[in-house]
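**Q** The chain contents come next:
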Amino acid sequence: QKEVEQDPGPLSVPEGAIVSLNCTYSNSAFQYFMWYRQYSRKGPELLMYTYSSGNKEDGRFTAQVDKSSKYISLFIRDSQPSDSATYLCATTYGGSQGNLIFGKGTKLSVKP
Amino acid sequence: NAGVMQNPRHLVRRRGQEARLRCSPMKGHSHVYWYRQLPEEGLKFMVYLQKENIIDESGMPKERFSAEFPKEGPSILRIQQVVRGDSAAYFCASSPRSQGVGNTIYFGEGSWLTVV
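Top line first, the protein sequences correspond to chains H and V. Those letters in the first sequence? Residues 1 to 112, per our numbering, in order. Those letters in the second sequence? Residues 1 to 116, per our numbering, in order.
Keep in mind that the hints were calculated from the coordinates and are not lab data. Zero decoy hints are in this set.
Just the calculated beta-carbon pair ranges, DEER-fashion:
#1 H:N27 x V:K62: 21 to 27 Å
#2 H:Q31 x V:E63: 32 to 38 Å
#3 H:G16 x V:S30: 41 to 47 Å
#4 H:P112 x V:H10: 26 to 32 Å
#5 H:P112 x V:R78: 41 to 47 Å
#6 H:E57 x V:K27: 27 to 33 Å
#7 H:P112 x V:Q50: 42 to 48 Å
Simulated coverage check for chain H against chain V, where a stretch passes if three residues somewhere in it have a Cβ under 8 Å from a Cβ of chain V:
#8 37-45
#9 99-108
We put the CB at the ideal spot given by N, CA and C, even for glycine.
Given these sequences and hints, build the entire structure.
**A** Next up, the structure:
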């Protein structure tokens, strides 16, 4: 079983839709959870970072962590064509913090 | 993430040649991480370095790959005797300290290696 599972999509939605992106993970020792956005041929850009369970909101983005079910989500409200990118979930134990474990990424396309 | 500088951005090597990828961390950052992204795969951690020290190389292939971060100059990821399977995007990231969890790790734009 992979440590982080993420549906690769692709996911296509109309502009203005609410987007839900999800990952599951296998190890209950993971403590920190991140979402990155990666445009084609570019480096990953950190969108959201959460510690342990709960919600975190930043503008149109909400990150949600449910440690009891080992499930992490990213919601994008009022999606825009500029949100079209690959979204990567990531987690780490918290020891060697740079050793992030990534999902494969979900490719999102927002159609105008 | 424009602060982490990687070069070259694109590199083509023939099988058996050596590839050297360079990374200059963001100003004030002393911790460097290398990741590899194979086609249709997620990012995979390779190595974590501080100046003149390899802290965690648990993700590095056992042969042909090496990394360094000298006292002066950029971090170098070196791949000897490249094979087609080494074709990938290699990303460098940096942070100001080892306690910088997630929110202070910044990625560069990547170096795309193609082995022909």
